[in-house]
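Turn these sequences into a full structure, and let the hints guide you.
The opening position of the sequence shown corresponds to residue 0 in numbering that gives the first Met the number 0, with each subsequent residue numbered one higher.
Calculated from the structure, these hints are not laboratory results. Take the hints with a grain of salt, since some may be wrong.
Subject to a maximum C-alpha distance of 25 Å in a straight line, what follows is the list of computed BS3-like cross-link-like pairs (lysine-lysine) [said to hold, decoys possible]: (1) LYS139 with LYS35; (2) LYS3 with LYS86; (3) LYS142 with LYS28; (4) LYS302 with LYS348; (5) LYS52 with LYS42; (6) LYS100 with LYS42; (7) LYS3 with LYS100.
All values derive from a computational prediction rather than experimental measurement.
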Amino acid sequence: MIDKLDAIKGRYEQVSMALTNPEVVSDNKQFSKLSKEYRQLEKIVKAYDAYRKLLEAIAFNREVLDSGDEEMRELAKEETEGLAEQKDQMEADIRNLLIPKDPQDEKNAILEIRGGTGGDEAALFAGDLLRMYLRYCEIKGWKTSIMNENAGGAGGYKEVVVEVSGDDVYGTLKFESGVHRVQRVPATEASGRVHTSAATVAVLPEAEEVDVEIRDADIKMDTFRSSGAGGQHVNKTESAVRLTHVPTGVVVECQEGRSQHSNRDIAMRMLRTRIYEAAVRKHEDAIASQRKSLVSTGDRSAKIRTYNFPQGRVTDHRIGMTVYNLDAFMNGDIDEMVQALQFAENAEKMKTGDQLGM
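Take a look at the structure:
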């Protein structure tokens, strides 16, 4: 482990120097790439520096234990026990940091929320989930932009697609893919009975042009009038765009922009992401026998979480975790559960030998 950490520290110093190079600073793409690598390496290097200081303290105490001063030996003995516990914890933390990250984790994400079973109540719940995620993104300092939306008849959304950009967005939000079930008395229900409804969430790693090559000849474009908000201008012109990727049959729509050109650009990003995500999932399925990930090879149709309003609880069925702060959770306070899911996935990776040798 020490050899690996020394190599990482050497790379960290190289990247640090490179970021002061005027040629790198003037190249936005290269500077952004190295800055991201620097931030990732910095976490490991800081942990390694603290670990080395701890090892030095333990070595010093051992020298004291071999000395002839009885009082000093007693003090060193007491301190060594505490340092040994710190050492175990630090080593566990460093192993966690050294687990190879999914290369998709650093990417921005496309978040898709759709009302499922439950009619109007499902659409309302999809709207609640959208608010929850937008609030969470705001807390994390991420940028969000609605790419497409299809409003429900009584409010909420039949479908809404959001682009989320920031640091490690996909690696954080990917755990949200699956069916979210809600148990509550619907606003549309007069008798006050508790109903069960559902909404599906899909989180896709946003593809860049270098990730997927899509030929213009393989795209069929249709235009239509927007059915969403936008006033007279949008409704009088066929600015909404539907793109079909003929080889795969993937279809995307966008009607959020004011012009056909802007809608086509947004739709192309959505299309590229869908095709890229399908290729990634195909690759993951091929290696699933070697390592089953909690998230990446999970069934999209699986019920992952239940939001029970009468009892004020949220339960994640994958890790058996229940929290009783439903109101705060629906207001974006979901980080505790997200971190628990990340920890569970890392534990799986370590069990199956994906981590670096220690």
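Any of the earlier hints contradicted here, and which numbers?
none
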